[in-house]
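In case you want the letters, here they are:
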Amino acid sequence: MFSPRPMKHVMIQVLTGDLPQVSLILAELELFSPDHRALCAEHFPWVPGERFRELYTQASGRLQKISRHIPLAPQVQLGGVHVISEQELEETNRWLGQVWERCSAHEEGLRRLGDERQMVLQLEQALENFGELNIDLGLLQGERMFLDIHVGMVPRANVTQLKEAVTLANYLLFAYMEHEKSVHVIVVGPKGEHERELRSVLDTAGFRALPIPPELQHEPERVRAELDRRKLELAQQLQHENEDIRACANELREQFEQSRGILIMAEPFVRIDTAARSAGQLSIISGWIPARDIPRIRAALEAALDNPFRIDARSPSSDERPLVPSYMPDNRLMTPFATLVKQYGIPRYGEVDPTAIFALTFILMFGMMFGDVGHGATIALTAWLARSKLKTYTLFVVSIGLSAALFGLLYGSVFGYEHLFEALWIAPLSDPVRMLSLALQWGVAFLVLISLISIYNRIIQGELVRALFDNNGVASALLYLSVLYGLYNYYTDGRFGIAAAVVSAAALLALLVYKLIQTRASPGERLLVALIETFESLTSYASNTLSFLRVAAFSLNHVALAVAVFTLADTMVSLHAHIITVVCGNLFILVLEGAIVTIQALRLEYYEGFSRFYSGDGLEFRPLRLNTGGKA
Amino acid sequence: MTATAAQTYLKTRARIMAERLFSAQRLEQLLQSPLEDLGREFELESVIENSASQAALNRAAERALIHTLMLELSVLLRPLDGGARGILMHWTRKFELYNLKALIRGKLQGLPFEQIKPNLYDLPALIRLPHDRLLRTESILELLRSLEQGPFADIALQARRVYEEKNEPFSLDAAIDRSYYTGMLRRIRRVADDDRAPLQRLVGTLIDQQNLIWLLRYRFSYRLSPSETYYLLVPFGRRLHQERLKRLVNQERFELVIEQLPERLRACMEGVQDLLGAERRLEAETAAQARDCLRFSQSAVTRSLAYLVLREMDLKKLYALVQGKVLQLSDPLIRIAVGMAQHGSDEQREAGREDV
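Residue numbers (our numbering), protein chains in the order written: chain A, 1 to 632; chain B, 1 to 356.
Worth flagging that the hints you see were computed from the coordinates, not collected in a lab.
Beta carbons are placed, not taken as given, at the ideal position from N, Cα and C, and that holds for glycine.
Mixed in with the good hints, there may be bad ones.
[Claimed, not checked] Here are a few chain A residues that sit away from chain B, every Cβ distance over 12 Å (derived from the structure):
#, residue
1, Gly-61
2, Ile-70
3, Glu-108
4, Tyr-171
5, Leu-234
6, Leu-364
7, Val-502
8, Thr-598
[To be verified] Derived lysine-lysine pairs resembling DSS-like cross-links, with alpha carbons at most 27 Å apart:
#, chain 1, residue 1, chain 2, residue 2
9, A, Lys-8, A, Lys-65
10, A, Lys-391, A, Lys-342
11, B, Lys-101, B, Lys-316
12, B, Lys-117, B, Lys-316
13, B, Lys-317, B, Lys-101
14, B, Lys-317, B, Lys-11
15, B, Lys-317, A, Lys-163
16, B, Lys-94, B, Lys-316
17, A, Lys-191, B, Lys-246
18, A, Lys-8, A, Lys-342
19, A, Lys-163, A, Lys-191
20, B, Lys-11, A, Lys-65
21, B, Lys-317, B, Lys-117
22, B, Lys-117, B, Lys-94
23, A, Lys-181, B, Lys-317
24, B, Lys-101, A, Lys-181
25, B, Lys-117, B, Lys-246
26, A, Lys-65, B, Lys-101
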């Protein structure tokens, strides 16, 4: 519960022909994380399955592209799980290729229709524009005796360059209407030797001619009607295209889902990748397995394989520890807390998994800062009612709500009313100093716990010297505790105390010597750095401890906000206004202060807690599995 | 780091790194070195030892050299931020755009995935196009649709016209190059005043070099008309401005174009009679200008960009040298490939008789 499960490095020797089946079995068990290092490369030089991987990559790419047109079900129920042969994968890939050809043609059709529609709209706008000009459009139409005239559109980025270029062919370019991406232009010049040259330049510049209907001058309404008819026709064609693809989707859906199933079953062998190596008929697969599950894997392979196999398991060497994935089995109760912990990082293999500590301390701190029976019960009840939306986070929100309600009982507070019942423990505003001293004690306990975990983690990682002398090590913790003890003595007896002074001085000296040894610099710089770092380790403890004052501060703040709400409500003349003010004020407290307290509790966990002991740079255990949850 | 400190640091960095640039003597020394020594010196041992095929060697050597360039770029980028950083980053996009050209041309010719891939630069993730996604498109139309969705929509439009109207892909290359240089000039306009003018001069020199080569090629090799040639150029050069370019594209003979060049360019192109010779001379001229920037420019980012331009030229030479040695070409031919011998010289003619 408090650290990732012990892992073993395994090397499974099998016949090369059995590799796909072994991959599938391992994926079904979801207990094997491949190790992609080139182990035993001298004896097993080849990485098998290159063609298989190539086929899979192409097929899954096609599947994803097709799924834009034939949506896949969010979950897939695999029927008979079986080993996928290269031939079966090839056939699936070929079929997906054919389907993609149809879908691609559909996409191209949609694009063409979109282009045509754009063209009609542009033409419509251009004609409106011409309508407002007092020119004889007959001049722009058809063949002229002396002038070569082109009316059309050019991509916006090309206009300036084109304008200069056409002057070299004795033409002029006029822009008469601009859009976001294109500009409408008229290009005009003398007929003759440069006509072909101009067409070539226009062509290169992406010029698209706009056909001006001859009827525009005399029968503009007819032209508009014609354009409307064309738009309608395009809309109908678009509808047909969409109906076609829907029909295609309905026709192919079943087989498409089957193909997806085949790819899901082919995927484990692909994911094994370089973790499998072969030398002719013999192959190895290397990876990490939770130590206690090795018998399960052995039994599953024995049951499924006709050919012999061998599993060699060993504990990870000290060099390998950073490569060992941390396996923290899913725990439904802990899932929301684990997600928040993962926001910070994954524990290294062997390190303490902070999820349980995080869950407990977060719930407690939230309750302490937001203690109110009514507010807590509202949060818990709302979370329960919205459980379908909150999903795995339901338990998290219900827990902090119940914690707030429990502390509400202890503080004697319900929806901000402080006198409805007697506090079981203490009303925060009745003794603020006591609240603050309790918060400090909580902070000290939290930091000592965190330091102990930090020391444990370093010992587990084999870093004994760091566990003793580095920040958050034994020396630091002794310094912290002895200084606290001395201060307590001073507060109660007026003296720091010899024992506290001796331990503090010894710990401080040990820290300083360690820093001096560790720092790589010139003597002067080394002394300076060591002094500053030693001082910093003491001040960080002090500032971290004071940070916990916020736990008390927010409990006081909660009451103070309630007092403000009631003061405001009491100024209301009518009972209705009083009630509305109290309700709105409580809602305000719930939303605003609830959010602030959540953030503050998270801050205390991450910055005062995790940053002291948790490197968060571990590797998550991602076992080979059948990916039935969506993507192939 | 303050702006002044960053400028000083970067200038010092560029100065130190400039020591790595190849002098003529250094190139001669490299030419005389055995292949193994070159491998050791430029960390190409694994490339030379392990590459079975010629194609694999080319690819691996190219990758190693680009990797070297990118490492040096990352050092120069460290003290930079904002617009200045954007300039150096944008410069590296030229490799990405080479890839884009290769990708579109490959797809236009209907080449399969396996045949296009070896022609692409293997670039760091920072500047890489989503190659695999684009390579795995199954037709040119699908590729174009993918490109239309991203920042290359204008290029996709040009490519679609090339595809639909079966044109020569000049306009495509021009669209890509123009998009690259206008992007660069847009970024230059945003940098601090002290950096702007020197950067414009350096980038203008690069544009001049490219414009003149393309102009000669379009007009006299591909026989395009003046207006179409002009349309395909990038009219933002340092010495070759719009009006000068218009005058040049109207010339009917190679020598007349050379005659109409501005003084400095004409001097450098004197006696040149063909495109290959023109390329060599212009590259030498660009290198000379870049060296001036590297030594004397007051702008640290200009010095850094000049260094990268020169370093790329050197690494290309090194690449040609390694290739020549692997192919066991004769010394004179390698000299020509590396640019150590004058094109059209007796030496080249001799080499041509021996090897070609």
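Here's how the hints hold up against the structure:
1. At roughly 5 Å, the least C-beta separation between Gly-61 of chain A and chain B is not larger than 12 Å, which violates its mark as non-interface.
2. The beta carbon of Ile-70 of chain A is kept farther than 12 Å from every beta carbon of chain B, the shortest such distance being approximately 17 Å.
3. Not every beta carbon of chain B lies more than 12 Å from that of Glu-108 of chain A, the smallest distance being close to 5 Å; the non-interface claim is violated.
4. For Tyr-171 of chain A, the shortest C-beta to C-beta distance to chain B comes to about 8 Å, within the 12 Å cut-off, and the non-interface label is violated.
5. The Cβ of Leu-234 of chain A sits about 19 Å from the closest Cβ of chain B, beyond the 12 Å cut-off, so the non-interface label holds.
6. At the 12 Å boundary, the C-beta of Leu-364 of chain A stays outside the reach of chain B, the nearest C-beta of that chain being 44 Å off.
7. Val-502 of chain A, annotated as away from the interface, keeps every beta carbon of chain B farther than 12 Å; the closest lies near 46 Å.
8. Every Cβ of chain B is farther than 12 Å from the Cβ of Thr-598 of chain A; the closest lies at roughly 35 Å, confirming the non-interface assignment.
9. Simply put, Lys-8 of chain A and Lys-65 of chain A have alpha-carbon atoms about 39 Å apart, too far for the 27 Å limit, and the pair is violated.
10. Restraint check for Lys-391 of chain A and Lys-342 of chain A: satisfied, since their Cα atoms lie roughly 18 Å apart, inside the 27 Å limit.
11. Between Lys-101 of chain B and Lys-316 of chain B the CA atoms are separated by roughly 19 Å; this keeps the pair inside 27 Å, and the hint holds.
12. Simply put, Lys-117 of chain B and Lys-316 of chain B have alpha-carbon atoms about 20 Å apart, close enough for the 27 Å limit, and the pair holds.
13. About 22 Å separates the Cα atoms of Lys-317 of chain B and Lys-101 of chain B, which keeps this hinted pair within 27 Å; it holds.
14. Taken as a hint, the Lys-317 of chain B and Lys-11 of chain B pair is honoured in the structure, with Cα atoms around 25 Å apart against an allowance of 27 Å.
15. Distance hint between Lys-317 of chain B and Lys-163 of chain A is unfulfilled; the C-alpha atoms sit about 40 Å from each other, more than 27 Å.
16. Pair hint Lys-94 of chain B plus Lys-316 of chain B holds up; C-alpha atoms about 14 Å apart against a cutoff of 27 Å.
17. With a CA separation close to 22 Å, the supplied pair Lys-191 of chain A and Lys-246 of chain B stays within the 27 Å bound.
18. As the CA atoms of Lys-8 of chain A and Lys-342 of chain A are separated by approximately 23 Å, the hinted pair is consistent with the 27 Å bound.
19. Only pairs whose Cα atoms come within 27 Å are accepted, and Lys-163 of chain A paired with Lys-191 of chain A is accepted, the gap being roughly 18 Å.
20. For the hint pairing Lys-11 of chain B with Lys-65 of chain A, the CA-to-CA distance comes to about 50 Å; that exceeds 27 Å, so the pair is violated.
21. With a C-alpha separation of about 23 Å, the suggested pairing of Lys-317 of chain B with Lys-117 of chain B holds against the 27 Å cut-off.
22. The suggested pairing of Lys-117 of chain B with Lys-94 of chain B holds, with an alpha-carbon distance near 18 Å, which does not exceed 27 Å.
23. Restraint check for Lys-181 of chain A and Lys-317 of chain B: the C-alpha separation of about 42 Å exceeds 27 Å, so the hint is violated.
24. Of the pairs offered as hints, the one joining Lys-101 of chain B and Lys-181 of chain A holds, with about 23 Å between alpha carbons and a cut-off of 27 Å not exceeded.
25. Between Lys-117 of chain B and Lys-246 of chain B, the direct Cα distance comes to roughly 39 Å. Violation of the 27 Å bound is thereby established for this hinted pair.
26. Among the hinted pairs, Lys-65 of chain A with Lys-101 of chain B is consistent with the structure: their alpha-carbon atoms are about 24 Å apart, no more than 27 Å.
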